[in-house]
Amino acid sequence: MSAIDFLLIILQMLLVVGLSPLIVGVIRRVKAHQQCRYGASVFQPYSDLAKLFRKEPVISTTASWIFPATPYILFSSTLAASLLVPTIIAPMPLNFAGNIIALVYLLALGTFFLMLAGLDAGSAFGGMGSSREAIVASLTEPALILSLFALALTAGSANISAIVYKTAILQGIVLDPPPHLMALVALFIISLAETGRVPVDNPATHLELTMIHEAMILEYSGRYLALVEWAAGMKLMIFLTLLANIFAPWGIATTLSPSALGLGLVVFVGKVVGLAVVVGVFECMFAKLRLFRVTELLGAAFILSLLALVFFYILRV
Amino acid sequence: MPNLPINIGSYLVNLCSALLLLTCFAIVAQRRLMACVDLFALQSVFLAVTATLVAYLTGIHHIYLAAVLTIAIKAMILPRILKKIVRQLNVQREVSMYVNIPTGLLICGALVILAFFITEPIVHLGFLLTQDSLAIALAIVLIGFFIMVSRLKAVTQVIGFLVIENGLFLAATAAAYGMPLIVELGIFFDVLVAGLIVGIYTHQIQEAFGSVDTSRMKALKE
Amino acid sequence: MTILLFLALLLAYACGMVLPLCFPGRPHIQNVIAHGSAAVAGGLGIVLGLVGLFASEPLVWFLPSSIPLLTFSLRLDSLSAFFVLTISLVGLAVSVFASGYVREFYGRIPVSLLGFLYNGFILSMLLVVTADNAFFFLIVWELMSLLSYFLVVSEHEKPDVRFAGLFYLIMTHVGTAFILMTFLMFYQETGSFAFESFRNADQSLPEGLRTLVFWTALIGFGTKAGIVPLHVWLPYAHPAAPSHVSALMSGVMIKTAIYGLLRMYFDFLGGPFPWWWGFVVLLVGTVSAVLGVMYALMEHDLKSLLAFHSVENIGIILMGIGTGMVFYAYDLPHLAALGIIAGLYHTLNHAVFKALLFMGAGSLLYATHTRNMEEYGGLLRRMPWTGLFFLIGAISISALPPTNGFVSEWLVFQGLFLSLELPSLFLKLMLPIAGALLALTGALALACFVKAFGISFLALPRSSHARKALEVPVPMRVGMGFLAGLCLVLGLGPAVVVPLLDRVSEPFVGISIAGRVFEMGGWTLAPVSGEFSSLSTPVLAIVLAGLTGLGWGLAYVLGGKGKTRFYKTWGCGLNVTARMEYTATGFVQPIKRVFSTIYQPTVKLETEFLEESHYFAKRRHFEFSIEPIFLKYLYHPILEFFSTLADRSRVIQGGNLSLYLAYIFGTLVFLLMVMG
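Going down the list, the protein sequences come from chains F, Z and E.
Note that our numbering gives residue 132 to position 132 of the first sequence, counting from 1, and the numbers run on in steps of one.
Note that our numbering gives residue 204 to position 204 of the second sequence, counting from 1, and the numbers run on in steps of one.
Note that our numbering gives residue 446 to position 446 of the third sequence, counting from 1, and the numbers run on in steps of one.
Since the hints were made in silico from the structure, they are not lab data.
Since the structure is predicted, the reported quantities are computational estimates derived from the model, not experimental observations.
Be aware that one or more of the hints could be misleading.
To be verified - Here are the simulated DSBU-like cross-link-like pairs (lysine-lysine), alpha carbons at most 30 Å apart as the crow flies: (1) Lys288/F to Lys158/E; (2) Lys604/E to Lys632/E; (3) Lys592/E to Lys561/E; (4) Lys618/E to Lys632/E; (5) Lys51/F to Lys568/E; (6) Lys592/E to Lys604/E; (7) Lys55/F to Lys604/E; (8) Lys55/F to Lys592/E; (9) Lys51/F to Lys561/E; (10) Lys592/E to Lys51/F.
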């Protein structure tokens with residue numbers, strides 16, 4: 001691995017770690033605007049994180065070592081997953097380390113520990129959150145794999161970088177609209193479910209009847225909470241990046257020239273912020289679904305992925 | 001041949017047919033009757049766009065007329081009639097169904113695959129322009145049937161019937177580049193009349209049984 | 001040289017069987033000798049397996065016997081060697097574990113007898129995978145079944161254990177009957193029971209017979225493997241056995257069936273077979289995987305839960321092998337090799353982590369004397385080592401990176417994704433759907449092990465058993481630690497494992513792919529090409545470790561060292577007690593509800609109200625059960641049919657001696673007439 005590869009990895013890490021709170025801030029701002037509130041600055045999440053890091057954490061006397069270890073594992077597994085997703089340049093240098101399956105299972109590693117941590121403190125809220133997360137995760141994963149596979153087919157590769165690289169050169173979605181379109185809708189629904197947004201979960205609530213993700217992390221405080229929140233932001237960013245770069249790969253750098261990289265950076269930030277605005281608007285348009293209605297939404301995502309697959313093959317025969 | 005490149009045109013037709021199919025799935029997944037009606041209207045708009053595209057690409061002009069009629073009758077008049085019925089009957093939601101929604105969606109997915117396998121041998125005989133559309137049309141017809149079978153309320157059953165009609169129209173445009181004008185006009189007239197008759201019929205059911213739940217009609221057996 | 005090794009192996013097991021009997025009334029010495037020899041034999045078996053894998057020619061030993069058709073011939077080719085290696089690896093760890101675990105039985109069960117059966121059981125498994133004569137194979141297969149039956153009923157004073165044993169015995173004999181049928185069909189064609197002649201007969205078998213052999217072998221071996229719907233005995237028998245025996249049964253005994261299937265399909269029936277064979281195997285695998293994990297989720301007996309997970313994992317193994325068979329049928333040998341390697345890799349991995357988890361369950365049983373998860377809780381603090389090892393096993397079986405379960409499941413996924421190379425549209429659509437179902441299986445397995453680990457080891461103890469639990473003795477920890485380490489090693493080292501497995505698949509598919517699946521000097525696993533997809537678990541592990549450090553550093557830089565306060569969990573103003581915690585039943589309730597079509601749950605809630613008011617309940621009784629669909633709709637009708645048949649035929653039982661003699665006489669006359 002050359003020095004440039006290392007630099008690119010560092011750059012990618014800085015980008016994901018640095019930009020993810022902004023995305024959360026943008027969504028909150030958009031929602032506030034939609035609800036006719038003034039809302040906090042888009043940079044508020046940075047201040048929140050900084051404050052949380054300085055606060056004294058409280059750990060339950062009931063909890064084992066799993067509880068304090070989980071935020072670090074969650075942070076690292078999410079960040080590792082983000083290194084597999086191309087942001088401003090494709091292919092990524094760490095492309096060889098894992099494909100779409102590795103991405104899904106790296107994210108699952110974080111979820112696994114988070115679910116354990118929810119059970120660890122012994123409170124009923126945490127257990128409830130873990131239990132609900134278990135069913136949502138079980139239903140999203142098949143749809144996610146199937147939709148990613150439908151996309152992998154159109155590019156003839158299961159490596160994310162290769163998918164983005166090829167669609168960037170071949171003009172992606174324009175070339176093959178029906179399968180791409182269906183996979184796009186499916187992946188959008190899955191992204192909302194995986195990152196705990198409305199209509200599957202509400203990130204802005206602490207009402208026990210509705211919360212999933214917030215219930216699991218209810219016992220966290222101080223720097224542990226900061227890491228968990230940051231990881232949640234990064235996970236959101238991973239999914240927005242996937243949506244942006246797989247379906248609209250235009251502008252992404254395919255060579256190492258500084259101008260291409262600069263353009264890639266600008267375009268990437270624009271795309272992700274734009275998607276964040278879409279998510280914010282979307283959250284204001286829909287009410288949160290009852291837990292057992294989420295099945296229908298995710299069932300629809302699964303069917304859409306399946307249709308994407310069918311359309312791909314039928315078009316090619 | 002018009003100046004639009006043939007493959008882009010073909011993509012657009014495919015895209016529109018795919019959107020038609022997606023609205024079918026949306027209807028299957030939708031509980032609220034008003035939204036079902038709206039989705040049907042949307043589907044008809046997509047159908048009209050497909051027809052317009054086919055007309056433009058092939059230069060057969062009477063398909064334009066069919067597109068205009070589709071917009072007028074299926075996207076505007078029929079939805080209004082149906083909405084009026086829904087409002088009068090005061091049934092907003094379909095609470096119980098024979099098949100729950102996720103299972104229904106899976107069955108419809110299987111129906112689409114079935115439709116593709118059935119049409120696979122004859123697809124090559126059709127025109128290049130609308131390769132997918134025949135399979136999609138068949139799938140829409142099958143899903144329309146499924147909607148009629150799995151739902152209890154008369155209004156959704158009517159929507160199922162209209163979805164079947166949309167599927168058949170797509171098949172006609174896709175495989176045969178439209179039917180003779182007189183046949184099309186006849187069909188549109190039929191659909192309109194059917195819509196009116198069904199409106200009256202639903203009222204009769206409502207008055208006779210106090211509900212539009214067609215499963216109550218089992219009582220007629222005795 | 002190898003024959004000496006083999007004889008030493010035999011000797012070690014023989015010592016383990018016989019020597020303890022010479023020390024009556026000294027259970028500790030019996031224990032040390034029995035399990036010590038088994039451990040030594042396990043070590044020798046590992047060497048033998050490796051030698052067999054690297055040998056250029058299959059090693060053959062031959063001992064004629066005076067019984068016609070039977071020869072005691074053994075053959076160690078790469079497939080046998082792989083299974084010898086797997087059995088011995090697990091055998092070694094389990095023997096070390098057992099030397100601690102068996103202390104539990106001192107004074108209750110004769111340890112010498114247990115040791116005799118235990119050593120004999122492992123030896124019979126080794127002979128099953130090396131036998132080279134159908135007659136001999138059936139003898140050792142039967143021996144394996146019987147010895148494991150005796151081990152299952154070790155605690156025969158409990159009625160449910162006796163029932164489990166009987167159920168197992170019947171089911172395994174149904175399986176044996178089908179295997180016998182398979183071999184008889186071969187015998188009819190070749191006139192010999194030697195596997196060598198079966199191997200040469202593959203092309204001469206008529207097409208119809210080949211199809212019949214396919215089905216009988218699938219049913220016969222499938223019963224032992226526990227594929228759905230033949231899995232019903234597994235969740236009874238595996239929990240009933242002592243835990244170290246469960247570890248062997250679930251970890252390796254059911255794998256002998258995988259050996260049998262591979263031997264049958266690729267070695268004996270090799271050559272072109274129709275694609276639907278592979279599709280059937282894939283379908284059976286997918287159904288087993290999904291249903292296995294779904295039923296596992298509803299189990300709250302930790303050992304039954306693990307037994308259902310064996311059904312799931314056998315399913316995943318068969319998905320790999322089935323994909324390989326499909327590719328083989330379409331003459332894509334390098335992809336066929338990939339499928340088989342995925343299946344074999346998962347076989348090895350499942351043996352390792354399932355044995356580990358069963359030993360963990362055994363440790364919990366040892367410490368708390370209950371198998372009910374609802375009575376565990378908070379054990380990670382009291383049993384830190386057991387907890388850590390169980391956690392590693394749970395991560396592996398949930399297929400999370402960078403452990404071994406992830407690597408093999410990843411390989412199975414690649415096989416399914418490569419369906420785009422197939423010419424058939426049907427398979428092109430079906431294989432990705434199987435992939436989605438595999439993802440569902442993985443996600444449900446993850447949920448199941450969050451439940452298993454979280455409810456057992458985290459939060460507050462839920463019973464006095466759990467409150468008083470102590471860490472288990474050192475030998476038990478060593479046994480688990482060895483396999484936990486192996487989980488990580490096998491996860492990080494596909495570069496070492498895949499070439500070994502390639503030696504197994506090479507004779508079957510005809511080409512070696514070891515040189516083609518690696519890039520970057522062995523650091524990256526890339527089936528087909530790096531362009532298509534690649535995986536590097538070592539790099540992922542390094543990245544994960546580095547980033548954990550980064551997270552820690554970030555917290556340090558941004559937050560300073562800072563103090564941490566410890567305080568009790570907030571319980572809405574009450575002190576949190578174990579009764580407020582989420583239970584295992586509660587944890588899976590949403591899953592039960594979403595998949596109610598499969599579970600058909602029945603819930604009973606009886607409430608006794610106070611006399612004064614109907615708003616306050618005095619006590620509530622909650623009960624829920626799920627419908628055992630297969631028992632109810634498949635097995636009970638069959639049982640009923642046979643018992644009616646038996647009732648009908650009772651009329652011939654006259655109770656008169658002359659009548660019975662008349663029957664014999666009649667039969668004799670009839671036979672003479674037919675033969676004449």
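Each hint, compared with the structure:
1. In summary, the hint linking lysine 288/F to lysine 158/E is not supported, as the alpha carbons are separated by about 52 Å, beyond the 30 Å threshold.
2. Straight-line distance between C-alpha atoms of lysine 604/E and lysine 632/E comes to about 20 Å, which keeps the hinted pair within the 30 Å bound.
3. At most 30 Å may separate the alpha-carbon atoms for a hinted pair to count; lysine 592/E and lysine 561/E exceed this at roughly 45 Å.
4. About 36 Å separates the Cα atoms of lysine 618/E and lysine 632/E, which puts this hinted pair outside 30 Å; it is violated.
5. In summary, the hint linking lysine 51/F to lysine 568/E is supported, as the alpha carbons are separated by about 24 Å, within the 30 Å threshold.
6. Taken as a hint, the lysine 592/E and lysine 604/E pair is honoured in the structure, with Cα atoms around 15 Å apart against an allowance of 30 Å.
7. A C-alpha spacing of about 48 Å is found between lysine 55/F and lysine 604/E, which places the hinted pair above 30 Å, so the restraint is violated.
8. This hinted pair does not check out: lysine 55/F and lysine 592/E have alpha carbons roughly 40 Å apart, beyond 30 Å.
9. Note on lysine 51/F and lysine 561/E: the hinted pairing holds, with a Cα-Cα distance of about 14 Å set against a maximum of 30 Å.
10. For the hint pairing lysine 592/E with lysine 51/F, the CA-to-CA distance comes to about 41 Å; that exceeds 30 Å, so the pair is violated.
Consistency note: the structure conflicts with the earlier hints numbered 1, 3, 4, 7, 8, 10.
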